[in-house]
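Mind docking chain B with the ligands on chain A? Use the hints.
Number of protein chains: 2
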Amino acid sequence: MKQSDLSNLVQPFHVMELVKHANALEAQGKPVIHLSIGEPDFPMPEPVQQALIKAVADNKTRYTAALGLPELREAISTYYRTAFQVTVPARQIVITSGASTALMYACLALINPGQEVMLADPGYPCNKTFVQMAGGIPRFVQTREENNFQPSWDELNQNWKPQTAGVLLASPNNPTGTQLSSSDMKEIVQEVAHRDGFTIVDEIYQSLCYDNTAQSVLQITGAPCAQWPLVVINSFSKYFGMTGLRLGWMVVPDALAPAIERLAQNLSICPNTPAQWAALACFQDDTLKICEQRRQIFKARRDFMMQSLPLAGIEIQSTPDSAFYIYAKAPFDSERYCKELLEKALVCAVPGKDFSEHRGTTMMRFSYANSMENLELAVERIRRFNSQT
Amino acid sequence: MKQSDLSNLVQPFHVMELVKHANALEAQGKPVIHLSIGEPDFPMPEPVQQALIKAVADNKTRYTAALGLPELREAISTYYRTAFQVTVPARQIVITSGASTALMYACLALINPGQEVMLADPGYPCNKTFVQMAGGIPRFVQTREENNFQPSWDELNQNWKPQTAGVLLASPNNPTGTQLSSSDMKEIVQEVAHRDGFTIVDEIYQSLCYDNTAQSVLQITGAPCAQWPLVVINSFSKYFGMTGLRLGWMVVPDALAPAIERLAQNLSICPNTPAQWAALACFQDDTLKICEQRRQIFKARRDFMMQSLPLAGIEIQSTPDSAFYIYAKAPFDSERYCKELLEKALVCAVPGKDFSEHRGTTMMRFSYANSMENLELAVERIRRFNSQT
Ligand SMILES: Cc1ncc(COP(=O)(O)O)c(C=O)c1O
Ligand SMILES: Cc1ncc(COP(=O)(O)O)c(C=O)c1O
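The listed protein sequences derive, respectively, from chains A and B. Take the first sequence: its position 90, counting from 1, is numbered 90 in the UniProt record's numbering, and each next residue is one higher. Take the second sequence: its position 388, counting from 1, is numbered 388 in the UniProt record's numbering, and each next residue is one higher.
In isolation and in its complexed conformation, chain A is listed as follows (with noise of 0.2 Å):
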């Protein structure tokens, strides 16, 4: 049977075969400790859990606007002048399935096949998938450690083409968990549009940083109206914790708001509706006060990490403020080193191999999305297994 040359560009997650080997040892009845997890291992705020068995208990299953509810756009709306202090109309806002569709509508309108786009290196493996679905080509920038493996304009700019259409960054970024600075930020987005490009920044890990507030490119730039080629991407899935459910929105400049309805209209119909009248308890103060107790206790495992990995043989070179990540050097081969220290240590970290192509076998991820009990477990084991290699 034959398929689609795209078929066979896009890669698999490298991190699966780990991961399945992970489950086989637990199915065995090994404690394996799990810092590999992209998710927070809180459940959904219990007001949002109560929202949506409403939701379905009221019989709010049934198709919606293709662009998203009209409360949870203005909820949205609300929220950005509330908590970023922020004008962003509801008409700029809409609901996709997750950060994953508002990924795929920005490529898919912005994009044209041939072009390329920037990519900052290490960042979130999905985004060349999204970049090649829409024809595009992506382009890797390396980014350096002292710069918290963040791109500058100038990196950047170096790698500017006739063909490059615009650049895709996320701040903060996962694997790293770290930030653009607001001056690099925007000198990027200024000098991207100087181009006639477009900027496409992944906000998802936005809320979840514990050295600063929390920012916006939106407060950078002013509301993103007419003025800037700029397309946001956020998320209900992270600081929320609706991953499953399957949420998230965008903003876009209004020039772009009826392609974007045009491809939500054909290509998904709606968000799930059920999801939708349920996040729209995300912004009341009983859940913002439950996720913010979680920021608190992902601080604490932040800190206890940063302390202890380098006292157990770790080294990490940049300064993740925010998301659930910690980028660090593996001691040796990530790939070997990660799958040595899931069978003899039963500590399942994940190799750089998804998330950068100049540093996949050099760097790994830890993830501190788990209990401080379990943190505690695995950095000593973490420690007696380097300390025997």
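These aren't lab readings, by the way, just hints derived from the structure by calculation. Accuracy of the hints is not assured; some may be wrong.
When chains are identical, the list treats them as one kind, so a pair holds in a single copy or across two.
Said to hold, decoys possible - Cross-link-like lysine-lysine pairs, in silico, DSSO-like; alpha carbons within 30 Å at most:
id, residue 1, residue 2
1, K30, K329
2, K353, K299
3, K20, K30
4, K54, K20
5, K299, K60
6, K289, K54
7, K329, K353
8, K329, K339
9, K60, K289
Since we're looking at a predicted model, the values are computed, not measured.
For chain B with the ligands alone, kept in the frame of chain A given last:
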């Protein structure tokens, strides 16, 4: 801001203007009757609703495997065996965010940029967009009313070119509510395979059929293991009344499964988790009994509409035996007719433009996803309107 060529190619739903107009009239207190709706007017079956609430209460809200819950893939495999007497191993079943996402994966995995894909005209408006998003070129094949608006292999064959990649069909189809005969279906799948092409068959309205027992192309071809380059699309939206839950599935040949898994991992992460747990309840006896009762209700409505619409001055040339649509001749230009019918008779049926290149202005679609009481009232209004024009 520069937009992609695709974003300009993608058509809006023209019917949305009419629906907005209808909503505006309703907001003024006018009792519009909707014969425009593409989803069942029933709520989700109660056992499914209860299962969904339970899944949420049990915190089943995290990411699942990209291909979907193994339990649900097994349940669908069992359903094929018990309801259709056909063996479809769970490993070939992929859970998706509605038939929409299944159509997307199929097109991305099978079509190369520049290749043509044949679509029956009339058909589901989004099909062309799925082809286009993969870089393919939709080639509409005009069908005949004597053939219930379904294509024959001869008609497809006449349009086959060196750059043709395959065929995308729906049986039962939207907007026609008609099916392909088993013999036509078999011939198409076989002949397309001989030409090294693929056949995608959308069975989203399977089981909503009123004159014969429901069938699947999989019964005709046997299990799709290696033999047939055949992808089958299905959904929990229509027969199981779960539109807003965004859950569907596809059956793929073994050879294609790894490519679909890579696409799903990268583009979606996974389908909505509580919806997947809830869908397990679809195959329980009590749910199937409710769905069967609803099918009987749809059948009675279909019979009523087929009998009374011609008496009210609407010409119907085909025999809709499935879905909840009747595709009929508009007394005059369908766009103008539907607008006037809405404004003067407060009945909202939809013009043909979205569904057909060839019959956009002559044909229209009535949906009978509405109560018998409303259908009777609507037909009486249509009769009076037609007798005055
Ligand atoms: C940086 C980044 N963007 C986007 C996503 C997609 O998340 P979702 O589709 O659940 O919103 C993820 C998930 O891990 C991510 O890490
Ligand atoms: C023929 C056909 N296919 C696919 C779909 C998509 O449905 P869903 O994504 O809700 O499963 C529809 C919706 O109306 C349809 O009519």
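Alpha-carbon proximity context of K329 and K353, limit 30 Å: within (13 Å within a copy, 59 Å between copies)
Same-copy or cross-copy closeness of K54 to K20 [CA-CA at most 30 Å]: between (36 Å within a copy, 28 Å between copies)
Within, between, both or neither, where K30 and K329 count as close if Cα-Cα is 30 Å or less: within (26 Å within a copy, 68 Å between copies)
Homo-oligomer pair classification [K60, K299; C-alpha up to 30 Å]: This pair counts as between: shortest inter-copy Cα distance 26 Å, intra-copy 37 Å.
Copy assignment of K353 with K299, given that the CA separation must stay at most 30 Å: within (27 Å within a copy, 56 Å between copies)
Identical-chain pair category, K289 with K54, by Cα at 30 Å: This pair counts as both: shortest intra-copy Cα distance 21 Å, inter-copy 25 Å.
Intra- versus inter-subunit Cα pairing at 30 Å for K20 with K30: within (13 Å within a copy, 59 Å between copies)
Alpha-carbon proximity context of K60 and K289, limit 30 Å: both (27 Å within a copy, 22 Å between copies)
Identical-chain pair category, K329 with K339, by Cα at 30 Å: Cα proximity of K329 and K339: one copy only (15 Å, versus 66 Å across).
When the structure is compared with the earlier hints, no violation turns up for any of them.
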